[in-house]
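There are 2 protein chains.
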Amino acid sequence: MQRRQFLKTAGLGAAGVAAAPFVSSAHAQETYTWDMVTSWPKNFPALGTGANDFAKRVEQLSNGRMTIRVHGAGELVPALEVFDAVAAGTAEMGHSTPYYWRGKLAASQFFTAVPFGMTTTEMNAWLYHGGGQELWDEIYAKHNLKPFAVGNTGPQMAGWFKKEINSLADMQGLKLRLPGLAGEAMNGIGVSTVNLPGSEIFTSLQTGVLDAADWVGPYNDMAFGLHQVADYYYTTVWNEPTATVETMINLDAWNELPEDLQDVIREAARASNLAMFTEFAYRNAQALETLVDEHGVQLRELPEDVIQALYESSQTVIQRQVESDDDSRRVYESYSAFQQVMRPFSDIGEYAYFKGREQVGGQSA
Amino acid sequence: MQRRQFLKTAGLGAAGVAAAPFVSSAHAQETYTWDMVTSWPKNFPALGTGANDFAKRVEQLSNGRMTIRVHGAGELVPALEVFDAVAAGTAEMGHSTPYYWRGKLAASQFFTAVPFGMTTTEMNAWLYHGGGQELWDEIYAKHNLKPFAVGNTGPQMAGWFKKEINSLADMQGLKLRLPGLAGEAMNGIGVSTVNLPGSEIFTSLQTGVLDAADWVGPYNDMAFGLHQVADYYYTTVWNEPTATVETMINLDAWNELPEDLQDVIREAARASNLAMFTEFAYRNAQALETLVDEHGVQLRELPEDVIQALYESSQTVIQRQVESDDDSRRVYESYSAFQQVMRPFSDIGEYAYFKGREQVGGQSA
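These protein sequence lines are chains A and B, in that order. First residue of the first sequence? That's 1 in full-length UniProt numbering, and the numbers climb one at a time after it. First residue of the second sequence? That's 1 in full-length UniProt numbering, and the numbers climb one at a time after it.
Take these hints with a grain of salt, some might be off.
Remember, identical chains collapse to one label, so a pair may be satisfied in a single copy or spanning two.
[What the hints assert, rightly or not] Here are the computed lysine to aspartate or glutamate pairs in the EDC-like style, where the Cα-Cα straight-line distance is at most 20 Å:
{"hint": "1", "residue 1": "Lys104", "residue 2": "Glu323"}
{"hint": "2", "residue 1": "Lys355", "residue 2": "Asp305"}
{"hint": "3", "residue 1": "Lys142", "residue 2": "Asp325"}
{"hint": "4", "residue 1": "Lys355", "residue 2": "Asp325"}
{"hint": "5", "residue 1": "Lys355", "residue 2": "Glu312"}
{"hint": "6", "residue 1": "Lys42", "residue 2": "Glu294"}
{"hint": "7", "residue 1": "Lys142", "residue 2": "Asp252"}
{"hint": "8", "residue 1": "Lys42", "residue 2": "Glu81"}
{"hint": "9", "residue 1": "Lys163", "residue 2": "Asp211"}
{"hint": "10", "residue 1": "Lys56", "residue 2": "Asp260"}
{"hint": "11", "residue 1": "Lys142", "residue 2": "Glu256"}
{"hint": "12", "residue 1": "Lys56", "residue 2": "Asp263"}
{"hint": "13", "residue 1": "Lys163", "residue 2": "Glu304"}
Think of the hints as simulated: they come from the structure by calculation, not from any bench.
For reference, chain A alone in the conformation it holds in the complex (with noise of 0.2 Å):
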C-alpha cells in the first residue's frame, strides 16, 4: 500500500547572470504526499495535535512540496503496531513512542524514558549534542527504519490509584497499566502491568480489569476522565522524568527524499520537540489546577518505601537487559555516561535555581 504520489514539474535550470551572484536553487519540483500513522486519537491534546503540528510545519517548510496526512490510532494501524506497520511500508512515517516497541527491540526503550534517569534537558542533549541520535539511527535502521524526537511530553506522574498507597505492602497484586522498564520494575515489586493504548485506559479502571494506570500527567489524564474512575494521583515523577515522542520513518521512502526535504523534517522535527515540550509544561499546569479546584483530585505522593523498592528494581531489571541484548548495553553506556557527566551541572543549575527559588519566598514581587 504505497500511497505516494507525485508530480514532476518542470525543472528550473539555474539561470547564471554575472551581475547577480546569488541563483535559485530550485531544482527539479518533485511533490511528496506521505501517509503518518500514529498512536494517539485523532486531534488528541498536545500529542495527536502534535501529530498536525509537526504535518503542518513541514508542509509550510517545504513551501508545499511535501504534505503529510495524519491518521489516528486504528484509522489505518492499531495504535501498537505504528512501528511494523511503518517498517513495512504501508504508511511512510508514524508518530508515537520509542518504547512501546520493547517487545521487538529492547533498547528502544532508552530513547523515551529511563526510571531515575535522564531529565528532558538532558534526554534531548544526549540526543543531539551527545551521539544518542547515531545510536538510534543504528538501532532502527535494522528494522528499515530512521528515527527523530518529535516532541516530549515532560516529566510524568506516577499515575491514578482507585486505593491509596501507604506502603510497599498496598502495591503487592495491583493490576497496573504502565509501560516500558518502569512497567518491568514494577512487576519486581509484586505489581502486575500491562501497556494499553491510552484510549483503552478509562474503561479498563472502570471496570476494574485495571487498579491502577499511568497515562501522561494532568493535561491528557484529564482528557480521559481518568479522574473520574480513579479517586487518587500520586504525582511523584520516577518511571518517566521525561518522554520522548518520535517520528519514525520508513527508510526506503526517507532514502528517496532529495537532501533538502530530509533537511525540513529534521528541523520541523527539532521545532516540533520544544513546541510540543512547553506546551504539555503550560497545559499541565492550567489542569493540574482544574484537576485540584474543580474536579476535588486528591494529590498523593508514593511512600519513600515504595520508591526505594523501584529505583533498586529499576536497576536490576535495566542490569539484566544490559547483559542479555547487545543493543541495550551499546546504547545505555553511551547514556549512562552521558548522563554521569550532565548531572553535576544539573544539580548546580536547574536543581540548586528551583531550591533557591524557593527559599527566598516563592513567587515573584
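Chain A is fixed; fit chain B onto it per the hints.
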C-alpha cells in the same frame, strides 16, 4: 546600507494535472541575502556558532533561497549597537539578547531573564503558548523590529569574584559586570554594576577595573579565560535562571519576505532555540568538570543574607520599573500571571524529580 540582493527567476505556473491533486506551489523564486550583526565574537562557542547554525538552518530550509551573512561583534557594528543597527536597516537581522536594550526599552528585560523568575521551560512556554511572543512583537514593532527566541544559555552562574564573599558586607563597593534587572538589583545592595561586552571582561578583571563579573556559565566563561583572573566561581543561580538569545529582524525587511520564508525563519529560530539550549547544557557540564579538575577552580555559593537581599532588591527594582513604564507593566503582568500558573506544576514535576533522584542514591545503574 541596504545589502539585499535578489534575482527573480522565471515563475513556475501551477501545473494542473487532473490525475495528480498535488501541485507544486513553487512561485517566483526570489532569493535573499541578508546581513546578521551579532553581539558575540565571530564563532564564539555556542553564541557565535549558534548564530552560524541558525543561518545555516535558514539556508537549508529555504533550499538556498535565503542566505544570511553572519558578522561578529565589531565587524559591522559594535556588540551593543545591534538593536539600533537593525532598527535602522544597516543590517537586516541581529543576534543578541533583549536585556542589552534596557536603556532604550526597559520592558525588553523580561524577555531575557528576571531575577528569581521563570526557568527556561517556563520562559519558552510563555513565549510560545502564553502570549509572550505577541507582547514582544508589539513592543519591538515600535522600534521597527520583529523578534524571535533563537537560543538560550540555560541557567547562568552568579559569576567570578576575585575575593571570597562571606556576608552582605563583603559586597559593598564591589565593581561588577552584570547586565539587566539583576544589575539594578545589585546596585540596590551597594554594588556598582556595569554592562560590558563579553570580550572586555577578561582585561577589565585583570586590570582591576572590575572586582567581579558574570558572563554566562562554565563553557563560555572558560572560553574567555575568566578562571585565570578570578579565583572564586559563585555558581548560585539567581540573576538569570534562563537567558533568551534573540534574533531581531528589521520590520521592513520582514514584511517584504514571502510568507514561506517568514515560516522558515520562525521555525529555524525555534529549532535553534532547542539546539543551543541543549548544547549549552552539555558543554557547561563538560567545562564545569574541566574547571574544577584541571584548573582547580573553587566553587562557592553566595551567602544566604546576600541572596535574601538580592531577592528583596530585585522585587523593588521590578516594582519601580513597572510603576514608571507602561510597557513594562503590561509585559510583567503577563509574565507574572503565567509564572503563577506554571510554578505548582514545575514544583511537582521537574523540581520534585530532582529531589527524588537525589534521594534514591544518585546516578542510575
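Hints not upheld, ascending by number:
4 and 6
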